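Protein chains: 2
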Amino acid sequence: MTTPTPSDLRLAPETTAIAEAGAKTTPRGKQVIEAVRTAIISGRFEPGDRLIESALSAEFGTSRGPVREALRQLENEGLVMSFPYRGAVVLGVSDEEVQEVLIPIRLTLERYSFVRAIATMTDDDFAELGKQIWLMEQAGKQNDLIKLVEADLGFHEIVISASGQLHTVQIWRTIWPRIRAYFYRYERARSFEATVEEHRVLLAALQTRDPAIVLAELERHIDVPAPPAAAKVRRA
Amino acid sequence: MTTPTPSDLRLAPETTAIAEAGAKTTPRGKQVIEAVRTAIISGRFEPGDRLIESALSAEFGTSRGPVREALRQLENEGLVMSFPYRGAVVLGVSDEEVQEVLIPIRLTLERYSFVRAIATMTDDDFAELGKQIWLMEQAGKQNDLIKLVEADLGFHEIVISASGQLHTVQIWRTIWPRIRAYFYRYERARSFEATVEEHRVLLAALQTRDPAIVLAELERHIDVPAPPAAAKVRRA
DNA sequence: AATCTTAAAATGGTTGACAATCTCGGGCGG
DNA sequence: CCGCCCGAGATTGTCAACCATTTTAAGATT
Numbered sequence: 001m002t003t004p005t006p007s008d009l010r011l012a013p014e015t016t017a018i019a020e021a022g023a024k025t026t027p028r029g030k031q032v033i034e035a036v037r038t039a040i041i042s043g044r045f046e047p048g049d050r051l052i053e054s055a056l057s058a059e060f061g062t063s064r065g066p067v068r069e070a071l072r073q074l075e076n077e078g079l080v081m082s083f084p085y086r087g088a089v090v091l092g093v094s095d096e097e098v099q100e101v102l103i104p105i106r107l108t109l110e111r112y113s114f115v116r117a118i119a120t121m122t123d124d125d126f127a128e129l130g131k132q133i134w135l136m137e138q139a140g141k142q143n144d145l146i147k148l149v150e151a152d153l154g155f156h157e158i159v160i161s162a163s164g165q166l167h168t169v170q171i172w173r174t175i176w177p178r179i180r181a182y183f184y185r186y187e188r189a190r191s192f193e194a195t196v197e198e199h200r201v202l203l204a205a206l207q208t209r210d211p212a213i214v215l216a217e218l219e220r221h222i223d224v225p226a227p228p229a230a231a232k233v234r235r236a
Numbered sequence: 001m002t003t004p005t006p007s008d009l010r011l012a013p014e015t016t017a018i019a020e021a022g023a024k025t026t027p028r029g030k031q032v033i034e035a036v037r038t039a040i041i042s043g044r045f046e047p048g049d050r051l052i053e054s055a056l057s058a059e060f061g062t063s064r065g066p067v068r069e070a071l072r073q074l075e076n077e078g079l080v081m082s083f084p085y086r087g088a089v090v091l092g093v094s095d096e097e098v099q100e101v102l103i104p105i106r107l108t109l110e111r112y113s114f115v116r117a118i119a120t121m122t123d124d125d126f127a128e129l130g131k132q133i134w135l136m137e138q139a140g141k142q143n144d145l146i147k148l149v150e151a152d153l154g155f156h157e158i159v160i161s162a163s164g165q166l167h168t169v170q171i172w173r174t175i176w177p178r179i180r181a182y183f184y185r186y187e188r189a190r191s192f193e194a195t196v197e198e199h200r201v202l203l204a205a206l207q208t209r210d211p212a213i214v215l216a217e218l219e220r221h222i223d224v225p226a227p228p229a230a231a232k233v234r235r236a
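Residue numbers (our numbering), protein chains in the order written: chain A, 1 to 236; chain B, 1 to 236.
Hints listed in this document are in silico derivations from the structure and should not be mistaken for laboratory results. Note that the coordinates shown come from a computational prediction; the quantities given were computed from them, not determined experimentally. Fair warning: there could be bad hints in the mix.
Given that identical chains are not distinguished, each listed pair holds provided it fits within a single copy or across any two copies.
[To be verified] Only pairs whose alpha carbons sit at most 25 Å apart, straight line, appear in this in silico SDA-like list of lysine to any residue:
no.	residue 1	residue 2
1	LYS30	PRO84
2	LYS147	ARG86
3	LYS30	GLY87
4	LYS141	GLY65
5	LYS131	PRO47
6	LYS30	GLU75
7	LYS30	PRO66
8	LYS30	ILE213
9	LYS30	ARG188
10	LYS141	PHE83
11	LYS30	ARG220
12	LYS131	VAL89
13	LYS30	LYS141
14	LYS30	GLN138
15	LYS147	ARG209
16	LYS131	SER82
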């Protein structure tokens with residue numbers, strides 16, 4: 001009876017707003033997750049740092065409850081690891097694991113959902129993609145890497161969400177934070193304009209609604225050349 | 001300073017014990033997760049069922065805290081989906097999504113970790129794999145599908161854990177419950193002995209420590225023919 | 001019959017208190 | 001001097017009772 005209605009498939013849009021602002025209507029817990037996540041990804045918390053519940057709850061002005069939930073969530077996003085009665089520590093991601101595991105998984109997810117999305121995307125959805133591209137352009141003008149990555153991932157999340165594939169979206173949500181952290185590290189090396197242009201092409205491909213074209217552009221987009229061979233592990 | 005020591009990489013073995021017994025030493029929360037998870041996978045809770053915190057906490061004799069954590073965890077395993085102030089409902093997985101998304105991801109994970117594991121696995125690890133095979137044989141004799149699947153996934157988790165690749169293990173842990181549910185549905189159709197034999201071959205391949213051989217056997221093992229074409233969506 | 005109101009049901013979050021467990025450093029014996 | 005044991009302190013895990021917020025469904029009204 002109480003089945004999730006189709007409209008629920010278009011999951012909550014909370015993921016879009018990445019800024020620290022946080023709508024006052026969203027549960028506090030979510031805000032804590034966001035805050036800690038950005039703190040980790042932005043490097044304020046470094047791999048190896050311990051995350052103490054009481055310290056975090058004091059910092060964010062909540063009780064330990066929401067903090068515990070946030071830590072568990074971040075554990076599922078691979079940003080921290082926790083041990084019973086020993087607490088949580090911040091994790092790093094090795095370039096190798098991102099390239100060999102996370103990116104291939106991302107490709108699997110997107111291949112599947114882009115094709116599915118073709119059938120269901122409305123002009124409104126396309127407009128939403130256009131908005132992300134515009135945001136990328138703005139980011140380019142301001143040389144703001146954070147905003148660029150944000151809009152980049154936003155673009156992809158829109159399509160993945162539009163596919164209406166529950167588990168695909170769910171898995172995407174557990175891996176994008178790590179990809180985001182990786183982008184912050186290396187997207188720097190690429191030209192902003194190149195990133196924007198690739199998404200323009202991607203959007204155009206989607207509008208053709210031709211699976212072959214979409215897949216071709218998608219693979220070209222994601223299979224970017226390996227980052228500057230340097231940088232080794234950077235494990236916690 | 002407080003870096004996770006290498007020994008921690010061999011993550012907690014809790015995942016192995018799937019029975020309802022539950023060591024008295026593990027935090028209650030974990031037991032709740034296990035209990036609800038098995039309830040869902042075994043079909044006691046069906047897709048669309050609502051999971052009420054108070055009901056669950058009453059059933060398991062805990063407070064709402066651990067139950068909330070369990071629900072969040074299960075949400076990250078794609079078994080449940082929850083909406084703010086509206087609660088959690090049990091999800092189903094479509095065969096299509098398992099075959100097109102989850103299994104390919106699994107393949108990515110295992111390809112990567114099996115190769116890495118080759119270098120680090122000890123004779124002791126191999127023995128542990130042998131144990132799982134023995135358990136599969138037992139399951140075969142008793143015609144116990146549950147035990148078979150349990151040992152099957154146990155086998156793979158051992159190798160993935162042995163690879164010491166943090167994120168690979170983490171992602172594996174978020175997808176195996178869904179794969180497990182899928183196996184319950186279709187492994188039925190396969191011969192128990194075939195499953196056991198495949199793992200014997202896999203173990204032998206690992207013992208050669210030759211990446212090419214291991215990869216070949218792995219792909220053969222995982223890329224099983226699509227299940228009986230029947231059975232459509234089965235979404236919640 | 002459709003809409004508005006209202007009360008019940010659940011979740012989200014708080015507080016304060018304990019129990020269980022780990023960590024670390026000091027003292028003890030070898 | 002070194003290693004081991006032990007207890008104190010720190011931190012996590014859990015509980016219980018409570019209130020705010022929101023959804024949901026049943027009535028009541030028009």
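Tested hints:
| no. | hint | verdict |
| --- | --- | --- |
| 1 | LYS30 - PRO84 | both (23 Å within a copy, 10 Å between copies) |
| 2 | LYS147 - ARG86 | neither (36 Å within a copy, 32 Å between copies) |
| 3 | LYS30 - GLY87 | both (20 Å within a copy, 15 Å between copies) |
| 4 | LYS141 - GLY65 | neither (41 Å within a copy, 47 Å between copies) |
| 5 | LYS131 - PRO47 | neither (34 Å within a copy, 36 Å between copies) |
| 6 | LYS30 - GLU75 | both (14 Å within a copy, 14 Å between copies) |
| 7 | LYS30 - PRO66 | both (8 Å within a copy, 18 Å between copies) |
| 8 | LYS30 - ILE213 | neither (38 Å within a copy, 46 Å between copies) |
| 9 | LYS30 - ARG188 | neither (29 Å within a copy, 41 Å between copies) |
| 10 | LYS141 - PHE83 | neither (44 Å within a copy, 38 Å between copies) |
| 11 | LYS30 - ARG220 | neither (34 Å within a copy, 43 Å between copies) |
| 12 | LYS131 - VAL89 | neither (37 Å within a copy, 33 Å between copies) |
| 13 | LYS30 - LYS141 | neither (31 Å within a copy, 49 Å between copies) |
| 14 | LYS30 - GLN138 | neither (27 Å within a copy, 46 Å between copies) |
| 15 | LYS147 - ARG209 | neither (28 Å within a copy, 46 Å between copies) |
| 16 | LYS131 - SER82 | neither (38 Å within a copy, 29 Å between copies) |
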